[in-house]
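Student: For reference, the chains in residue letters:
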Amino acid sequence: ETGVTQSPTHLIKTRGQQVTLRCSSQSGHNTVSWYQQALGQGPQFIFQYYREEENGRGNFPPRFSGLQFPNYSSELNVNALELDDSALYLCASSPFLEDSYNEQFFGPGTRLTVL
Amino acid sequence: AQRVTQPEKLLSVFKGAPVELKCNYSYSGSPELFWYVQYSRQRLQLLLRHISRESIKGFTADLNKGETSFHLKKPFAQEEDSAMYYCALSDYGQNFVFGPGTRLSVLP
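Chains A and B supply the protein sequences, listed in that same order. Going by the working numbering, the first residue of the first sequence is number 9, and it counts up by one from there. Going by the working numbering, the first residue of the second sequence is number 33, and it counts up by one from there.
Note that these hints are calculated values from the structure, not bench results. Glycine included, every Cβ here is placed at the ideal spot set by N, Cα and C. One thing to keep in mind: the hints can contain errors.
[What the hints assert, rightly or not] The calculated label-pair distances, taken between Cβ atoms and stated as ranges, are:
| no. | chain 1 | residue 1 | chain 2 | residue 2 | range |
| --- | --- | --- | --- | --- | --- |
| 1 | A | S81 | B | R85 | 32 to 38 Å |
| 2 | A | N67 | B | E111 | 35 to 41 Å |
| 3 | B | E86 | A | F77 | 22 to 28 Å |
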């Protein structure tokens with residue numbers, strides 16, 4: 009069974025640029041969630057995708073957007089990068105069952121630095 | 033608004049001593065509560081969830097709705113318990129809120 013993978017590992021961008029981060033979910037999982045983790049803080053929920061549709065969203069502006077593909081892999085896109093977007097971006101996948109919560113399996117993260 | 037607080041950034045205990053990591057939350061409904069752990073150079077992983085009422089690696093956590101708390105406890109800490117611990121809540125699996133985390137250091 010393959011775990012959650014994320015690419016790239018590290019990324020450096022400049023303010024105003026756009027970035028795309030990628031995540032491959034664990035085999036058999038159809039739900040993907042994205043988190044932003046700033047240094048010294050806990051993960052902040054960005055949004056969740058279930059069966060290619062957004063299924064929940066945290067307090068992030070619209071310039072944070074996402075996609076989920078038929079194979080359940082996912083992308084996180086951030087437009088008009090700001091310095092405060094510098095963080096570790098985590099992806100987590102889980103099987104989704106109605107009326108129950110399933111464990112999230114986290115990827116290793118992508119470290120984004122905005123200069 | 034949903035919120036999770038963990039008052040201690042760092043908690044140091046000696047091996048064999050009891051440990052309690054505090055977690056308080058604010059939520060208007062009936063949340064699902066979890067503890068996640070991140071060991072050095074490893075990924076964030078689920079430690080336990082309140083709905084399963086199980087003990088994992090000797091850790092337990094009781095949901096106290098009156099005090100809106102979900103403290104993590106272990107009677108005898110081990111050195112391998114040293115890690116970063118995050119308390120988190122979820123509303124029906126669609127929105128997740130993590131606390132800022134507590135770094136547990138178990139001294140020999």
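Student: Given a hinted range of 32 to 38 Å, is it respected by the beta-carbon distance of S81/A and R85/B?
Tutor: Since the Cβ atoms of S81/A and R85/B sit about 34 Å apart, the hinted range of 32 to 38 Å holds.
Student: Confirm or reject the claim that N67/A and E111/B have a C-beta distance inside 35 to 41 Å.
Tutor: Given about 38 Å between the Cβ atoms, the range holds.
Student: Kindly confirm whether 22 to 28 Å is satisfied by the beta carbon distance between E86/B and F77/A.
Tutor: violated, 35 Å
Of the numbered hints stated above, the single one contradicted by the structure is hint 3.
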